[in-house]
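*Asks:* So the chains spell out like this:
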Amino acid sequence: GAVVSQHPSRVICKSGTSVKIECRSLDFQATTMFWYRQFPKQSLMLMATSNEGSKATYEQGVEKDKFLINHASLTLSTLTVTSAHPEDSSFYICSKPGTGRADTQYFGPGTRLTVL
Amino acid sequence: QKEVEQNSGPLSVPEGAIASLNCTYSDRGSQSFFWYRQYSGKSPELIMFIYSNGDKEDGRFTAQLNKASQYVSLLIRDSQPSDSATYLCAVNILRGGSEKLVFGKGTKLTVNP
Chain A
1 GAVVSQHPSR
11 VICKSGTSVK
21 IECRSLDFQA
31 TTMFWYRQFP
41 KQSLMLMATS
51 NEGSKATYEQ
61 GVEKDKFLIN
71 HASLTLSTLT
81 VTSAHPEDSS
91 FYICSKPGTG
101 RADTQYFGPG
111 TRLTVL
Chain B
1 QKEVEQNSGP
11 LSVPEGAIAS
21 LNCTYSDRGS
31 QSFFWYRQYS
41 GKSPELIMFI
51 YSNGDKEDGR
61 FTAQLNKASQ
71 YVSLLIRDSQ
81 PSDSATYLCA
91 VNILRGGSEK
101 LVFGKGTKLT
111 VNP
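If you're matching them up, the sequences are chains A and B in order. The opening residue of the first sequence carries number 1 in my numbering; numbering runs sequentially from there. The opening residue of the second sequence carries number 1 in my numbering; numbering runs sequentially from there.
If you are wondering where the hints come from, they were derived from the structure by calculation, not from laboratory data. Just so you know, even glycine gets a beta-carbon here, dropped at the ideal spot from N, CA and C.
Here are some chain A residues pointing at chain B (derived, C-beta under 8 Å):
#1 Leu46
#2 Thr104
#3 Tyr106
#4 Phe107
#5 Pro109
#6 Gly110
Model the full assembly from the supplied sequences, consistent with the hints where possible.
*Replies:* Shown next as structure tokens:
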């Protein structure tokens, strides 16, 4: 069964508003979770690594003040897209490391964000 | 050179045939290699991982790794229409002092009944 859930699965918002996406680990606690973004017909691009109890690590070119990540518990990481614009419309997917080998990753079902 | 490269396809094979998907990577230090399947509108699903040179079989899937050639492939035997999806190759690459999972753009596979 699924080991990672995301909510909401789909969201449509107006330009300038903020949107929060939740990512939950359903089986084991996850001190680390990852946030990816995928534009149509493009590959997954890692945005940031979410660390429980500490600041997220952002990839080069990702604005940390625009994409706020909070990993307040061992089972929940949230991504808030602040002041969303149409160019932020994308498929946002979180993942967590596997329990056997940490270099495997298991993905949540994703959140489709459309900014009007 | 891109870190992970795949032929974007589309690749079409008849039902029952062998589908062969290829991937090359740039970082000689990479140690972990993954194949994910992604159906349209869905998130990626891990189907195979391989760490050692050679072949690794799991049901109808065989992953092949050649570190000297920096090449990893996925064979799907007895292809079924339900195998139609985009297949993403992913490689662990050292970047910025830590390992990151880097994905290719994916190869779109269509299995025709």
